[in-house]
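Novice: Quick one: dock chain against chain with the hints and give me the complex.
Chains as they are written, first to last, in the numbering used here: chain A, 1 to 315; chain B, 1 to 412.
Since the hints were made in silico from the structure, they are not lab data.
Which bits of chain A does chain B cover? Going by a derived footprint, with three or more residues having C-beta under 8 Å, they are:
no. : region
1   : 54–61
2   : 78–84
3   : 104–117
Virtual Cβ for every residue (Gly too), placed ideally from N, Cα, C.
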Amino acid sequence: MTETGPMIEVENLKKQYGDLVAVDDVTFRSKPGEIFGLLGPNGAGKSTTIGCISGLLRPGAGRIRVMGYDVVTEGPASRRRLGVVPQELALYEDLSTRENLMYWGAAYGLRGTRLKQRVDAVLSVAGLADRAREPVRKLSGGLKRRANFACGIVHEPAALLLDEPTVGVDPQTRVRLLELVREQAAGGATVIYTTHYMEEAEKLCDRLAVIDRGKIIAQGTLPELRSILGERDVVRVTGRFDPLGVPEALRSLPDAELVHAADDVITLAAPEASKKLSDILRNLAAAGFEVRETTITQPSLESLFIKLTGKELRD
Amino acid sequence: MRFIWTTFRKDWRRRWRNPLEILVWVGIPLIVGLLIVLAFGGKGGPRPQAHVLVADQDDSFLSGLLVGALSQEAAGGFIRAEPVEEAEGRARMEKGGATALVLIPKGFSQAVLREEPASLALVTNPSERILPGMVEEGLSILVDGSFYVQRLIGEDLRRFADGPPAAADTFDDETIAAFSAKVNRLAAELKGYLSPPILRLETSVDRKEGDGLSPGFLLLPSILFMAILFMAQGLSDDVWEEKTRRTLRRVVCSPQPVSAFLLGKTLASAALVFIVSLVALSAGYGYLRLSPATFPAALVWATLSGTMLVAAMTALQLFVSSQRAGNIVSLAIVFPLMMAGGSFFPFESMPSWLSAIGKRTPNGWALEKLKEIVLGRADASGFAASLAMVAAVIALLLWISSKRLNHGFAQD
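Chain B on its own, in the form it takes in the complex (with noise of 0.2 Å):
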């Protein structure tokens, strides 16, 4: 027992003496994931608005409503409108300052109403590709509105647009009153088509799984299982680091149980793998709000797991012929477990066939477990079924790993 704890201090203090060993195995998962979440738009951020400047040189009243309902909130919020003078808007452009320029010319509203030809300029920045397009589908819905206003009230509003009758300053209360009373009828007509619309488009989507969870979440447990790969990797590598060093035969040599000395290595690989989960799990349920409630469990499955993987490895690596062959055979394994146990991508964003595959991997079946205490999801009986598991797992790794160092590896 206390041979245990003076390997297991023996390997602490190894490891932290090569802390680049571990900025590695830590720092290559936290690039990947700070670089798919900004990919992807990390847990959400602002929503994406459309900034447009209108050059309004008509200045009348229907190129004022045209301005208004750019920007209403029908409009949906995309969409954010600044007058602007033409120069000014045209140099703001020029430096990718807006995402487009409208320009209304003089005379808009009077070619409008009298039926002539008039035309609305839009000027687009090329370096945006989605928010133009939204801008010009908006501003061709409110073109079409206003061509069947100008149907249905055009002749009114083209008298409106003349002005009053030469000898009056003023329309009189009559006319007035008359175009009012057609409008309110037009609208009253109108109502039962437009609100509450006749036809209701009801939509519905498929639910994904993992919709509602941020790109953030779905990766919290990625990189952190990315991490443990790495650190699994490196770690198993040991075993032939002490074997080329000799230093393994020294152990055999010893009155110590071998036994004891891979339990004391793997003890210390768990304290990394507890440190590592510890930073990552801390960082992740601060930066995304979770609850701490499930924190603790969170914190010992990702260890225990952690340390199956370590196990797994190096049971993996004592039964190849070098430790070239090692850590080519290792690596060969922990890249596709990566990909497809769903560190590289989340499961949510595979193909179902192949996120069925990966969750059957040891990292991606303890990687869905992880999102499920994490949620809250993982009720204690399963939770304590699957630690149990992992633990046994453990046991029977320690014990094919003793009886091949004991039988070969040591003395090979």
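In isolation and in its complexed conformation, chain A is listed as follows (with noise of 0.2 Å):
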């Protein structure tokens, strides 16, 4: 591996549960100090995996290694190069914030003076200095995220798995952790990071894997990505409609492209759409559709999501 080559590489993974197929031929790579972002909803695959890569999960087929190391054959070492911050708090709430960054430090290795030293260093960039002896239960929930974040580097990891770490968390803590995260990366850590939160992904991740049920639907930077859009802004329109005869009713638009159909909403891609909204519900109403609301949205990772998918990130 050179250093500028992949810290992460994840090839052909998939995990099944029974039926489920959780992860399916999910394929990506990571950089050092990359911030790479795997995007989709509840449920669409991220955490399971970010449990794979962290040895959490075995994996069903495919392969994962971290610096070279294979996640399956050669675990403890991979293990040891990586930092894992769970979406829950992992904290021994009796012991105090030093108690656990000692606890936790030792588990991977670290020992004696240079301990206490990245201990130390964590403890002030968490801004947790001045409440490290308290027991952890008695922080504040915004203080046990960065406590938990603070966990996850203590021993200094060259990769490092966040998954979902800013859900639920207060504003404030929000900003704290993503600069925690950015301060990572800039280091010279690769970052995994897991959400659906779009607008963080949009301002935090350098590259990004949209994931839905299980597979990569789209891969790349965030200008990349919007490509994908063509500039076209997303039209959303709900309503009662025959998803049949949709396409019938637009074919006098050309530049709308029907993206989704259903009973009761359909979605277009358009360039300029606000100006073409009025031939367009013009259209809709002389087939006999009843519209109710309209929304336009610019290209965005929401946009594009739904292009894909043609459904909300947030369904």
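Specialist: Pasting the structure below:
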């Protein structure tokens, strides 16, 4: 592996629970200093992918390497280079933050002075130095989140896995956590960041993979992903429709691409949609459909997700 | 190896920051044990003695004999007689200050000697159940005895009770000598029957296991293993705590083997079992004045077998579907184990079939071994073999638990 080569390589990963395919042929790579986002709704397969990389879950098929170490055949070596920040708090509440950090640092092989130095450094970075000796149970939710993050980075991992670390977090703590993530990447670590918050992914991630129902449906930098939309707006119309009759109703509007049609909602992609909205609504009314509400979305990850899956990310 | 020590220290700290939990594990068995010891009379204590107040209004030779006979050693020392005035005796009985009050009315002696109706009054304390019965029985025997004496030498006694002839101040020497000779002859004739008795009652009681051991001794290992079982149940629940707090996932994601983590936790539990055993055995050895020579072996055994129980309960917790189910299942197992395994009731007080089953439970087996060790009945080779077996079982249980943690429990 070269210095700029992939830190984490996931190739054709598959994970199945009985008949349910949680992750299906997922492939991606992340480089040093890069924040790689896994974007998808709940149940898309993001956490399962993180679980397989971290060694928590055994991949059903495919291959995962962390800095060249296979997570299955060279588990301890690969795990030693990984830091994991789970979505839920994973702390001993009756121990202090310092004691938690000492324990998890030791779990990753840190000892003696080096361990103490790292714990002090991480406490300072996370803004927990003055509360370090208090039991975790006495900390506020936001401080617990920071402590949870600190436990994942205490051993200076080369690769950091963050599984929706900002879920249920107050805005102030979210900003602080995102700063910490950027600092890790700036320090040369690769960060795999799962989220279902579009704006978070847009602001934070250098590259992204959009995942739905276990499959990666798009992957690239933000500009690359936007180009998939071709700078077109997404028009979402709710009402009463006949899905089979909608294409015929829009035949006279060649710029409007029908993305998705259902009984109660249709989704279109069109350049400068606001200027074409009156034509779209007229055609739909002429076809006998009832229109209740219309929304136009500028090109974004949200609109990309809608275009790719026909549904909103939060659905 | 270092991670085992780190995990040990982590769990040790966590345990001592929740002292209430430890107090409950140890406190409940202590309270139960204390109640049982009190109910069964502890290690012996003073022998119960009936305190009998005697109001002797007759104040005669015969009434004096009666009072003396009540409290003599032949009564087994169970009765202590105290002369009182009737009013004082009744007042003290009102306050429950004695077992019984015997009233010997004036003229009692004359009535007995003249074969006239005579009565003794016995007032018993209703708050005592057994001792008043003993007093009543003792008094009844004395009354029967006086009847036979009266049959044998009643005529002579009556003559003496009537006093010397009117013309004389005292009985003449010849009369006294004749009476003495008669009493002596009677005693010589009866001696063959009374001393030694012709009828010898030989009693033999089947010696039950545990006879000769005080209830306090029998309860020492019982209480200790009750505490250990409570600890095993509580400590085993910690794998669910680690799971629900997601710390177990962090461990699985770390480069350390899960077996090292589990071993560290088990050692922390073992240290706790050691501390509790040390305190319980020290108190027990001191209170019961047991030979300190067996103390180290008893401590080692209690610690290791207790650790085995913790490891077994932990393995069990890993195979149930939820923390709640784990609590229910472990309690459903722990209480029958306590009952049958000699923790609530010593084996010595159980029917033989039940104690046979109980001694085959893990805690019952360990408890019996502990008794043997404490009494110095365990031989060195047998002790070593038992230790090796327990160590092997712990190793097996840890292996099973590690497998389960790695494949399913942490990930579910």
